Amino acid sequence: MARAVVVLAAVAILGGCVTPVTGAGTYRAKALSSVQAAISETETTRITLQGVERGRIFGPTADVIVTGNETALGSIAATLGSVQPPAGNDRIRDETSQLLSDAEDAVAAARIAVRRSDAAGIRDALTEVQKVTKQLERAEQALVSGPS
Amino acid sequence: MKKLFAVALGVLTAIGGFVDIGDLVTNAVVGSRFGMSLAWVVVVGVLGICVFAEMSGRVAAVSGRATFDLVRERLGPRVGLANLFASMAVTLLTFTAEIGGVALALELATSVNELLWVPVAGVAIWLVLWRVRFSEVENIFGLMGLALIVFAVAVWQLGPDWGDLWAQASSPKPPAEENWGTYSYYAVALFGAAMTPYEVFFFSSGGVEEHWKTDDLATMRSNVFVGFPLGGMLSLAIAASTTLVLLPVGVQVDTLGQVALPVAVALGKIGLAVALLGFFAATFGAACETGLSVGYSLAQYFGWQWGKFVRPRQAARFHLVLLLSTILGIAVLLTTVDPIKVTEYSVVFSAVALPLTYFPILVVANDPDYMGEHVNGRLANGLGTVYLVLVLVASMAAIPLMLVTKAGQ
Amino acid sequence: MDGTVAGRRYDAALNLLDRQIIDPDGGLVANVDDLELTERDDGRLVVTALLVGPGVLGPRLGGRLGHWTVAVWRRLCAEENPKPGRIDAADISRIDSGVHLAARPDDRGVDGLERWVDEHLIGRIPGATHEPE
Numbered sequence: 001m002a003r004a005v006v007v008l009a010a011v012a013i014l015g016g017c018v019t020p021v022t023g024a025g026t027y028r029a030k031a032l033s034s035v036q037a038a039i040s041e042t043e044t045t046r047i048t049l050q051g052v053e054r055g056r057i058f059g060p061t062a063d064v065i066v067t068g069n070e071t072a073l074g075s076i077a078a079t080l081g082s083v084q085p086p087a088g089n090d091r092i093r094d095e096t097s098q099l100l101s102d103a104e105d106a107v108a109a110a111r112i113a114v115r116r117s118d119a120a121g122i123r124d125a126l127t128e129v130q131k132v133t134k135q136l137e138r139a140e141q142a143l144v145s146g147p148s
Numbered sequence: 149m150k151k152l153f154a155v156a157l158g159v160l161t162a163i164g165g166f167v168d169i170g171d172l173v174t175n176a177v178v179g180s181r182f183g184m185s186l187a188w189v190v191v192v193g194v195l196g197i198c199v200f201a202e203m204s205g206r207v208a209a210v211s212g213r214a215t216f217d218l219v220r221e222r223l224g225p226r227v228g229l230a231n232l233f234a235s236m237a238v239t240l241l242t243f244t245a246e247i248g249g250v251a252l253a254l255e256l257a258t259s260v261n262e263l264l265w266v267p268v269a270g271v272a273i274w275l276v277l278w279r280v281r282f283s284e285v286e287n288i289f290g291l292m293g294l295a296l297i298v299f300a301v302a303v304w305q306l307g308p309d310w311g312d313l314w315a316q317a318s319s320p321k322p323p324a325e326e327n328w329g330t331y332s333y334y335a336v337a338l339f340g341a342a343m344t345p346y347e348v349f350f351f352s353s354g355g356v357e358e359h360w361k362t363d364d365l366a367t368m369r370s371n372v373f374v375g376f377p378l379g380g381m382l383s384l385a386i387a388a389s390t391t392l393v394l395l396p397v398g399v400q401v402d403t404l405g406q407v408a409l410p411v412a413v414a415l416g417k418i419g420l421a422v423a424l425l426g427f428f429a430a431t432f433g434a435a436c437e438t439g440l441s442v443g444y445s446l447a448q449y450f451g452w453q454w455g456k457f458v459r460p461r462q463a464a465r466f467h468l469v470l471l472l473s474t475i476l477g478i479a480v481l482l483t484t485v486d487p488i489k490v491t492e493y494s495v496v497f498s499a500v501a502l503p504l505t506y507f508p509i510l511v512v513a514n515d516p517d518y519m520g521e522h523v524n525g526r527l528a529n530g531l532g533t534v535y536l537v538l539v540l541v542a543s544m545a546a547i548p549l550m551l552v553t554k555a556g557q
Numbered sequence: 558m559d560g561t562v563a564g565r566r567y568d569a570a571l572n573l574l575d576r577q578i579i580d581p582d583g584g585l586v587a588n589v590d591d592l593e594l595t596e597r598d599d600g601r602l603v604v605t606a607l608l609v610g611p612g613v614l615g616p617r618l619g620g621r622l623g624h625w626t627v628a629v630w631r632r633l634c635a636e637e638n639p640k641p642g643r644i645d646a647a648d649i650s651r652i653d654s655g656v657h658l659a660a661r662p663d664d665r666g667v668d669g670l671e672r673w674v675d676e677h678l679i680g681r682i683p684g685a686t687h688e689p690e
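Protein chains in written order, with the working numbering: chain A, 1 to 148; chain B, 149 to 557; chain C, 558 to 690.
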């Protein structure tokens with residue numbers, strides 16, 4: 001009995017690590033959750049950048065938050081990239097991967113500007129991040145509403 | 149006058165010391181994903197901890213012995229060992245999470261990488277456990293923890309629609325983007341975060357450290373029945389702050405920085421600084437408490453001399469356990485595991501261990517040999533039994549929910 | 558099972574086993590892990606000593622865990638046939654919620670580990686003799 005519990009627990013923990021090959025519906029769901037996770041990161045960056053602009057957040061704290069966002073976006077993109085797309089999903093894969101890469105670039109620019117305390121750079125990065133968030137939200141809508 | 153001061157100090161340190169890294173993270177995550185729809189779990193959890201903390205504090209004051217001490221006597225070495233094993237495992241995990249929390253708080257303040265802070269935090273915690281007086285540790289970190297009131301101030305400043313918040317709190321169901329699986333999983337996690345097992349050992353061992361007697365019962369009760377609920381309100385304030393700032397824009401909390409963001413948005417740099425101080429105090433204080441609890445439980449099972457009320461040389465094995473636990477905690481964190489992940493696992497496993505740790509307290513508090521006329525009355529037993537059922541349900545549901553929802557995704 | 562101590566009768570299982578042993582200064586020594594029983598001439602069993610240590614706790618834990626505990630303890634002990642820590646029943650001064658002793662135990666089996674850790678590890682760290690209050 002105890003052994004069964006240990007095995008189940010091991011399966012559970014390992015199950016979180018492996019990304020399985022999935023059917024079309026589930027791939028779409030995976031892309032959707034990647035996009036939503038990305039929005040969580042870019043919106044955090046936006047709030048942080050606006051905070052820095054208005055003098056409401058310390059430089060070091062903003063640095064830690066935005067660097068964290070950048071790292072997280074990298075791993076979201078890598079996770080999606082490692083999943084084998086079933087046939088017919090290549091367009092979703094390409095578009096989503098592109099978006100995630102753009103998001104990572106925008107947040108990287110934000111990180112650089114924050115570390116340099118570069119006010120102009122922060123303003124530009126903010127615009128970029130807001131733009132990419134809009135694109136991510138549109139992609140989210142498209143993935144939710146069904147095959148196109 | 150001196151008595152009033154002691155009571156006030158006790159209540160204030162209870163409020164400030166209530167929140168630990170598990171409460172910080174879990175309440176922030178829940179607020180950002182579920183709004184206030186899980187607020188009822190915090191209320192239920194806080195009442196539960198009040199009931200059992202009062203019992204274990206009473207045991208310490210009346211019998212002069214800590215609760216865990218009496219578990220082996222009352223229930224035998226086998227049950228005592230099972231209890232010990234479960235409690236120590238979970239408390240060690242929580243201790244590791246708290247050290248990680250200290251490192252994360254320091255990282256947020258300085259932008260120096262968390263991994264560099266881990267050994268510093270670990271050594272600092274051990275030094276405090278080695279040299280600083282017990283009551284000083286409790287008072288200093290308890291009062292500093294009051295800084296977390298800044299979350300309540302931030303919520304106020306954000307000028308929320310109170311009616312809307314109340315509507316969310318009074319309709320206990322998952323919002324559109326979540327499902328009953330994740331809702332139940334986070335209910336269990338929140339319950340585990342509010343009713344952490346170490347809290348009760350620590351409270352009764354601490355009572356022995358501070359030489360409580362029957363005259364201290366009233367003070368102890370005011371700490372519990374005023375301090376803990378107010379501390380619980382801080383948990384709700386943390387959840388409300390992320391509900392107001394992060395939920396509407398789709399941010400899901402998974403870092404300590406995001407927990408602090410709402411305060412920065414509402415109150416600017418001053419608020420942020422106070423929040424970071426609060427994070428540091430809450431995690432450092434809880435790290436001291438969990439570290440000591442690991443030592444208390446092991447020493448009390450074997451009957452070794454324990455406690456900070458004797459010279460370290462007189463409680464050598466106890467202090468060795470503290471030292472080894474700290475080294476283990478540092479080692480685990482240096483494997484670069486995310487401290488937030490460690491925290492999430494620690495609250496879920498706390499929920500799993502709850503029945504094993506709470507059941508013996510109920511038994512001991514009912515024993516007239518130790519308690520004399522202060523045995524549990526009908527109210528304490530009634531509530532105690534209800535909560536025993538609740539913790540059993542939470543404990544059995546915890547692992548299956550974790551498997552099914554893949555730890556909340 | 559009962560035992561007699563200083564003229565009063567106690568239920569040994571209830572009042573002695575797993576109890577905290579306290580030395581004359583109020584310091585905590587160990588928990589009673591087992592009891593040494595001796596058969597008297599009239600056939601009655603009397604508690605003649607308190608026993609302490611993994612060697613006697615192991616069998617009370619039972620099962621594989623118990624066997625393993627005893628085996629490890631045997632390995633770690635220096636002597637060929639190690640004896641468990643023993644406190645003579647005559648040294649017990651009174652019994653309330655704990656078992657109070659009239660004299661500090663001198664059997665290395667009782668507090669050997671504490672002495673060793675104190676001498677070799679904890680005692681060497683600066684501040685180990687720091688007064689607590």
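These aren't lab readings, by the way, just hints derived from the structure by calculation. Fair warning: there could be bad hints in the mix.
Now the stretches of chain B that chain A is said to cover, found in silico as 3 or more residues with beta-carbon under 8 Å [what the hints assert, rightly or not]:
| # | region |
| --- | --- |
| 1 | 254–260 |
| 2 | 301–308 |
If the Cβ cut is set under 7 Å, some of the chain C residues that face chain B in the computed set are [claimed, not checked]:
| # | residue |
| --- | --- |
| 3 | Ala587 |
| 4 | Val627 |
| 5 | Glu671 |
| 6 | Asp675 |
| 7 | Thr686 |
Not close to chain B: a few residues of chain A, all C-beta gaps over 10 Å, as computed [what the hints assert, rightly or not]:
| # | residue |
| --- | --- |
| 8 | Thr26 |
| 9 | Asp63 |
| 10 | Ala72 |
| 11 | Gly88 |
| 12 | Asp94 |
| 13 | Ser97 |
| 14 | Arg116 |
These figures come from a predicted structure and were not determined experimentally. Beta carbons: idealized from backbone N, C-alpha and C, even for Gly.
These are the hints, each one checked on the structure:
Judged by the Cβ-Cβ criterion of 8 Å, the region 254–260 of chain B is covered by chain A as claimed, because 5 of its residues qualify and three suffice. Counting residues of the region 301–308 of chain B whose CB falls under 8 Å from any CB of chain A gives 0; the rule of at least 3 is not met. Checking C/Ala587 against chain B: minimum C-beta separation of about 4 Å stays under 7 Å; hint holds. Restraint check, C/Val627 versus chain B: the minimum CB separation of about 14 Å is more than 7 Å; hint violated.
The interface hint given for C/Glu671 is met, as the beta carbon of that residue sits about 5 Å from the closest beta carbon of chain B, less than 7 Å. Because the beta carbon of C/Asp675 sits about 4 Å from the nearest beta carbon in chain B, less than 7 Å, this interface hint is met. Annotation: C/Thr686 was flagged as interfacial toward chain B, and the flag holds, the nearest CB pair being 6 Å apart, inside 7 Å. Every CB of chain B is more than 10 Å from the CB of A/Thr26 (nearest about 13 Å), matching its label as outside the interface.
Not every C-beta of chain B lies more than 10 Å from that of A/Asp63, the closest at about 5 Å, which undercuts listing it as non-interface. With a minimum CB-CB distance of about 8 Å to chain B, A/Ala72 fails to clear the 10 Å threshold, and the non-interface call is violated. Listed as a non-interface residue, A/Gly88 keeps its Cβ farther than 10 Å from every Cβ of chain B; the least gap is roughly 25 Å. At roughly 24 Å, the least C-beta separation between A/Asp94 and chain B is larger than 10 Å, which holds for a residue marked as non-interface.
The beta carbon of A/Ser97 sits about 20 Å from the closest Cβ of chain B, which is more than 10 Å, so the claim that it is off the interface holds. With a least CB separation of 13 Å from chain B, A/Arg116 remains clear of the 10 Å interface cut-off, as annotated.
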